[in-house]
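K.L.:
Residues per chain are reported as follows:
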Amino acid sequence: MLIATTLDDALIAVGAGVRPIAGGSDLVVGARHGKAPLPERLVAIDRIAELCSVDEHHGALVIGACVSHHVIEGHPLIGTRWSALADASALVGSPATRHVGTLGGNVMNGSPAMDTGAPLVVLGATAELRSTRGTRHLSMAELWLAPSRTAASPDELCTSIHLPARPDRSGSAYVRLEYRRAMEIAVVGAAASVVLADDGSVAHVVVALTAVAPTILAVDGIDHLAGSSVADVAAAVAAAAAEQARPISDLRASDRYRRHCIGVMARRAVEAAARRATGEVIAIPVNRALGIGAAS
Amino acid sequence: MSEPITLTVNGIAYPVDVASSRNLLSVIRTEVGLTGTKEGCDDCECGACMVLLDGQPVNSCSYLAVQAQGRAITTIEGVMDGEQLHPMQRNLLDEGGVQCGFCTPGMIMSATALLERTPSPTDEEIRIGLSGNLCRCTGYAKIIAAVRRTADELAG
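Chains as they are written, first to last, in the numbering used here: chain S, 1 to 296; chain C, 1 to 156.
Please keep in mind that the hints were generated in silico from the structure rather than gathered at the bench.
A couple of the hints might just be wrong.
Here are some chain C residues pointing at chain S (derived, C-beta under 10 Å) [claimed, not checked]:
#1 Ile-5
#2 Ser-21
#3 Asp-43
#4 Leu-53
#5 Ala-113
#6 Ser-120
#7 Glu-124
#8 Leu-130
Simulated restraints, written as ranges between beta carbons of each label pair [to be verified]:
#9 S/Asp-9 with C/Glu-124: 38 to 44 Å
#10 S/Asp-9 with C/Glu-83: 41 to 47 Å
#11 C/Ala-72 with S/Arg-41: 22 to 28 Å
#12 S/Ala-141 with C/Cys-137: 33 to 39 Å
#13 S/Pro-214 with C/Asp-123: 37 to 43 Å
#14 C/Thr-30 with S/Gly-17: 45 to 51 Å
#15 S/Ala-60 with C/Thr-8: 37 to 43 Å
#16 C/Gly-11 with S/Ala-231: 43 to 49 Å
#17 C/Ala-72 with S/Gly-34: 30 to 36 Å
#18 S/Ala-283 with C/Glu-3: 41 to 47 Å
#19 S/Pro-37 with C/Gly-139: 36 to 42 Å
#20 S/Glu-50 with C/Arg-117: 20 to 26 Å
#21 C/Met-80 with S/Arg-180: 32 to 38 Å
Keep in mind that this is a model prediction, so the values were computed, not measured.
Just so you know, even glycine gets a beta-carbon here, dropped at the ideal spot from N, CA and C.
Could you build all of it, start to finish, from the sequences and the hints given here?
P.N.:
Pasting the structure below:
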């Protein structure tokens, strides 16, 4: 195994067909489960300093691909301004999983049940992909093509996630349905970003859904809700989410149960995001603070 | 394909020759010869294999050994102070937080990492800190009590 300490070294290795590894949780556990054999040639990218930092530029945020869920869940700036992402990272696995697991790994693994995916969509994130050929930025919708499939070429490395600056009077939240409080994967989940107008009505709302489609699903057709009350928007979003969901039945839930619960989760995400938009502090993660998901 | 690496376990450097696909747990138990770290589920679920990597808890069953080069690895054998049990070990015994004992090394590693970063945890923080460790015997209450007692002792 090559342990890269510079991005250039990593990009040359990845360009030559060597597979990148950060925490390795998806790669090692996936290999054991027969998802894909462990690649013979690996390059460790978790010691490259520029992939491990969180930097603010003019109100926008750049999160290095190797920043762990542990760092994200406790990061004061992410927790207050990009709260939905912190809500999601705080729910991943266990403390050990959150120390090893990275945002870049989560994004490039491309699971439709990934907790950080819906928050990244509603926060307008882009993924920076780099190779020896150059750099490009893809929206999350452009990046995720199907379960475990992304638009990245084999020689491209996800180096960072870019989050645009948050507007005034905005809030975001991620909630999920879960059967237990740790080492859990979302049964369904929902993230919302809400901007409030001066009169308290909703000026802008974006909602995305977890584990109800082959990729993270952005809820369509809710732009016309601007100007409505939070309660009306939450109810309309819940109906739209349940209608647009294309869930499957698997060992965690039936499609009917998922379709019903996604409406509930979408409503709660909008309500929590709107409360945060008023300046109310709801602790990270919303699931624990508001008693959503598995019982205490 | 194996490669020569050096793992630093409990402050001691161990030169080992391992295949790049080997997990850290198996190398610690076999090549390094420290068997306090246990294999439970071998799937990142149970926490019996918990070790500390640069002070942070990691499931060693799902971490590649070659990736631990240059990191400080701490196992259950490294928490004692000479012949003195670590307060967390002593309090688990005193509170009755050990029954079959298979989960105990992993519990202690998670608990010591928690107390290092959160010296005065709430009960909720203790539960979260131990949430990657399963115990099929105790029902957890006595383990949580032992962590609480250790935190109080260390706070003096």
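K.L.:
Taking the hints in turn, state whether each one holds.
P.N.:
Hints, verified against the model:
1. Evaluation of the C/Ile-5 hint against chain S yields a held restraint, the C-beta minimum of about 9 Å falling below 10 Å.
2. Because the smallest distance between the Cβ of C/Ser-21 and any Cβ of chain S comes to about 5 Å, under 10 Å, the interface hint for this residue holds.
3. Using the Cβ-Cβ criterion of 10 Å, the hint placing C/Asp-43 at the interface with chain S is satisfied: the shortest such distance is roughly 7 Å.
4. The restraint placing C/Leu-53 at the interface with chain S holds, with a minimum CB-CB distance near 8 Å, inside the 10 Å limit.
5. Among the interface hints, the one on C/Ala-113 holds; its C-beta lies about 7 Å from the nearest C-beta in chain S, closer than the 10 Å criterion.
6. The beta carbon of C/Ser-120 comes no nearer than 16 Å to any beta carbon in chain S, farther than 10 Å, and the hint placing it at the interface is violated.
7. About 8 Å separates the beta-carbon of C/Glu-124 from the nearest beta-carbon of chain S, less than 10 Å, and the hint is met.
8. At about 8 Å, the closest approach between the beta carbon of C/Leu-130 and any beta carbon in chain S falls short of 10 Å, and the interface hint on this residue holds.
9. Between S/Asp-9 and C/Glu-124 the C-beta distance comes to about 43 Å, which sits within the given range of 38 to 44 Å.
10. With their beta carbons about 46 Å apart, S/Asp-9 and C/Glu-83 fall inside the hinted range of 41 to 47 Å.
11. Roughly 27 Å separates the CB atoms of C/Ala-72 and S/Arg-41, a value that falls within the hinted 22 to 28 Å.
12. A beta carbon spacing of about 48 Å between S/Ala-141 and C/Cys-137 contradicts the range 33 to 39 Å that was offered as a hint.
13. The hint said 37 to 43 Å for the Cβ distance between S/Pro-214 and C/Asp-123, and at roughly 41 Å that hint holds.
14. Separation of C/Thr-30 from S/Gly-17 is about 31 Å and departs from the stated range, judged on CB atoms against 45 to 51 Å.
15. S/Ala-60 and C/Thr-8 have their C-beta atoms about 39 Å apart, which keeps the hinted 37 to 43 Å range intact.
16. Separation of C/Gly-11 from S/Ala-231 is about 60 Å and departs from the stated range, judged on CB atoms against 43 to 49 Å.
17. The hinted window of 30 to 36 Å between C/Ala-72 and S/Gly-34 holds, with their beta carbons roughly 33 Å apart.
18. S/Ala-283 and C/Glu-3 have their C-beta atoms about 45 Å apart, which keeps the hinted 41 to 47 Å range intact.
19. Checked against the hint of 36 to 42 Å, the C-beta distance between S/Pro-37 and C/Gly-139 comes to roughly 40 Å, which is consistent with it.
20. Taken as a hint, the range 20 to 26 Å holds for the pair S/Glu-50 and C/Arg-117, whose Cβ atoms sit roughly 25 Å apart.
21. In this structure the hint that C/Met-80 and S/Arg-180 lie 32 to 38 Å apart at CB holds, the actual value being about 33 Å.
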